[in-house]
Amino acid sequence: MLTQAFLYFLIVVPGTAGEMCMSHAMKRIGEVTDFRPHAIARVIGRAMKTGWFWIGITMMASGFFALLGMLSVAKVSFVFPATALSYAVGTLGGKLFLGERVGRQRWFGVVIVCIGVILVALGKSQ
Amino acid sequence: MTSSSGLHLKTIALIVVMVSVAPLGDTFLGKGMKQIGAFPGWKPAEMFHFFYRAFTSATIWTGIGLLLTFLVAYLVVLSWADYSYVLPASSISTLVVALLARFVLHETVRPLRWAGVAMVCLGVFTVGNTHPRTTEH
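From first to last, the protein sequence lines are chains A and B. Using our numbering, the first residue of the first sequence is number 1, and each one after it goes up by one. Using our numbering, the first residue of the second sequence is number 127, and each one after it goes up by one.
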């Protein structure tokens, strides 16, 4: 039970925190305005020179491997609905750590998405 | 400065790329891994053959290419759009996966799953009607 709780924590918290680090890294690089392949490659190359990018990759990898671990010890019908919480945690993280202004409408949408993802996962596992 | 409608348009365009290529990438990877068979064990020679088969599979490389395309689109969209906008909006991939399952793989998609997909679409529509960028640059 403790292992499952720890794995669940790793999926939700470092998993979404890693994506937030990536978001922060890309915001520091600046808005992409040139969509030609070599220009995009240059932007990604610049992002890869920032610490936030690699912290993000490491945390996302932790979340991914925790998901694989969780799938080996818990039922899929539990794991995927439970990960729907990541949408709410990610939105809260965007507000608290990235300074995004999350209004009522966006929160309402996120809650509906969470319920929808839970139903999709339950529908798949029937 | 990008206009509001221009910002919405390019954000939605990249999210469409993300949700189109990610499920396809997963499908190709899954199909490729099934083609090469189960993981044989930890003996070096067996592992070498397993990874050799995996990395010489065109199906697996197609999957990797599609998932790399997803990652690049994800990073590019995050260069201007809020994470709290992109994250829920990208859940529209559940619709793409359900459509692939029903019409390409000819699987039975249960009503509960369709109901979930409809809820996700409603949620994405709600989030999609907020401004994609709320922070200063």
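By construction, these hints were calculated from the structure, which means they are not laboratory data. Treat the numbers as computed from the prediction; the structure is a model and nothing was measured. Ideal Cβ placement from N, Cα and C applies to all residues, glycine included. Treat the hints with caution; some may be incorrect.
Computed list of lysine-lysine pairs in DSBU-like fashion (alpha-carbon distance at most 35 Å, straight line) [said to hold, decoys possible]:
| # | chain 1 | residue 1 | chain 2 | residue 2 |
| --- | --- | --- | --- | --- |
| 1 | A | K95 | A | K49 |
| 2 | A | K75 | B | K136 |
| 3 | B | K169 | B | K157 |
| 4 | A | K75 | B | K157 |
| 5 | A | K95 | B | K136 |
| 6 | A | K75 | A | K49 |
| 7 | B | K136 | B | K169 |
| 8 | B | K160 | A | K75 |
| 9 | B | K136 | A | K49 |
FRET-style restraints, in silico, Cβ to Cβ [unchecked claim]:
| # | chain 1 | residue 1 | chain 2 | residue 2 | range |
| --- | --- | --- | --- | --- | --- |
| 10 | B | A139 | A | R101 | 20 to 26 Å |
| 11 | A | A41 | B | L248 | 34 to 40 Å |
| 12 | B | T261 | A | L2 | 35 to 41 Å |
| 13 | B | W187 | A | Q105 | 40 to 46 Å |
| 14 | A | F64 | B | Q161 | 43 to 49 Å |
| 15 | B | R236 | A | Q105 | 28 to 34 Å |
| 16 | A | A41 | B | E262 | 26 to 32 Å |
Here is how each hint holds up against the structure:
Distance check on the hinted pair: A:K95 and A:K49 sit about 26 Å apart at the alpha-carbon level, within 35 Å; holds. At most 35 Å may separate the alpha-carbon atoms for a hinted pair to count; A:K75 and B:K136 exceed this at roughly 38 Å. Under the criterion of a C-alpha separation no larger than 35 Å, the hint pairing B:K169 with B:K157 is consistent with the structure, at around 24 Å. A distance of roughly 22 Å separates the Cα atoms of A:K75 and B:K157; the hinted pair therefore holds under the 35 Å criterion.
Note on A:K95 and B:K136: the hinted pairing holds, with a Cα-Cα distance of about 23 Å set against a maximum of 35 Å. Taking the CA atoms of A:K75 and A:K49, the gap is near 39 Å; set against the 35 Å cutoff, the hint is violated. Straight-line distance between C-alpha atoms of B:K136 and B:K169 comes to about 49 Å, which puts the hinted pair past the 35 Å bound. Distance check on the hinted pair: B:K160 and A:K75 sit about 21 Å apart at the alpha-carbon level, within 35 Å; holds.
For the hint linking B:K136 to A:K49, the alpha-carbon distance of about 26 Å falls within 35 Å, and the restraint holds. For B:A139 and A:R101, the hinted distance range of 20 to 26 Å is satisfied, since their beta carbons lie about 23 Å from each other. Checked against the given bound of 34 to 40 Å, the beta carbons of A:A41 and B:L248, roughly 37 Å apart, stay inside it. Taking the beta carbon of each, B:T261 and A:L2 are about 38 Å apart, inside 35 to 41 Å as hinted.
Checking the proposed 40 to 46 Å range against B:W187 and A:Q105 shows it holds: the Cβ atoms sit about 42 Å from each other. For the pair A:F64 and B:Q161, the beta carbons lie near 23 Å from each other, so the given range of 43 to 49 Å is not met. Our hint of 28 to 34 Å for B:R236 and A:Q105 holds, since their Cβ atoms are close to 30 Å apart. The given range of 26 to 32 Å is respected by A:A41 and B:E262, whose C-beta atoms sit roughly 27 Å from each other.
The structure does not agree with the numbered hints 2, 6, 7, 14 stated previously, though it agrees with the rest.
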